[in-house]
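Number of protein chains: 2
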Amino acid sequence: MTEVNQRATMFVGGATGNWKIKVNQPIIGEGLPSVARLSILSPEQQSTGIWTLRGVSSYVRYVERDEMTKLQVVQDPLGRPDSTCGALIPIQKSQEWWDLTQEERRNIFETQSHHIANSMKYLPAIARQLYHSRDLGEPFDFLTWFEYAPKDAGRFEELVGHLRSTEEWKYVIREIDLRLVRD
Amino acid sequence: MTEVNQRATMFVGGATGNWKIKVNQPIIGEGLPSVARLSILSPEQQSTGIWTLRGVSSYVRYVERDEMTKLQVVQDPLGRPDSTCGALIPIQKSQEWWDLTQEERRNIFETQSHHIANSMKYLPAIARQLYHSRDLGEPFDFLTWFEYAPKDAGRFEELVGHLRSTEEWKYVIREIDLRLVRD
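For the record, the sequence lines run as chains A and B. The first sequence runs 1 to 183 under the working numbering. The second sequence runs 184 to 366 under the working numbering.
For the record, the hints were derived by calculation from the structure and aren't laboratory data. Heads up, a few of these hints could be off.
[Claimed, not checked] Partial selection, computed: residues in chain B whose CB lies under 8 Å from chain A:
(1) V239
(2) Y242
(3) V243
[To be verified] Here are a few chain B residues that face chain A, going by a calculated C-beta distance under 8 Å:
(4) T192
(5) S241
(6) V246
(7) E247
(8) R248
(9) N290
(10) E293
(11) S302
(12) Q312
(13) H315
(14) E351
[Stated by the list, open to error] Now the stretches of chain B that chain A is said to cover, found in silico as 3 or more residues with beta-carbon under 8 Å:
(15) 200 to 211
(16) 317 to 327
Nothing here was measured: the structure is a model prediction, and the numbers come from that model. Built from N, CA and C at the ideal position, the CB exists for glycine as well.
Between the sequences and the hints, there should be enough to build the whole structure, so can you do that?
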């Protein structure tokens, strides 16, 4: 039975799209087929790509009220004209992660790994959006999307490098790093 | 663009299915079209129903480790031969609920409403499964499914009555109560 998820955003890799793919590198596990471009589409849009990744911008899972208040002050939305660099990092976490309780996951995510506090240091330079994919039956659990200006590329590498060194990342069993430039 | 969610369970209302619908009553908001029977299907199964509700059995959001340990000891799986009574209660919560943080939702869910502790009193008599629907773009946020023996029908009414009286239920903006009997 087919269905259309009206909440989903689609990342479509193929011959067309506003974003030119410069790097498509598997970090952990299997990669994605090589394509020239990426389109970011809403559910009602038709696409003819080679692959499609779907995710939903959902309610917050880990951010607490004081963190949310700080984030709302400091973060910028997607689509800034000078943010011509993009990164799409699809991630799958292990069954062990998903068998943890919420408080155990929050403990690894923030108390041990400082995911929120550390990422906050890179705002507003790095704009980002998290899309949830696991409950959609997708191959990845999350699609993380980032936008930044070329002058902030070094800071973005620092942010990604830090995340990959955390306790949280020990639960990542598949990760792909796509880097893009907007036309 | 169409998709098949391999994680989803489908509740299909129509002319066929193992479960005969005895009650189909809107509690809050708009109801569902009247149908004779309900089928519970996996994604690859074809159906020709009047309506289909989809949900995913997902990772835990609110249950903490000690609660999970107690639940695992005391709860029974679905499908017990003598559990010929079923209840499907689809629920939608308000945007206000979804704008809360995890800890704020947990506070209302358990500290104020005792959702887990109170429901535990009805185990193993009432077997239940929660399906998440919100991120699937469905009209409901949750599909709650219960199975019990006819002799425990009174206890089930008590459980449902308690849940509807809680602080948590003030955030429910649509609710339908379907009662079923298995052939």
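In ascending order, which of the hints set out earlier in this document are inconsistent with the structure? 4, 9, 10, 11, 12, 14 and 15
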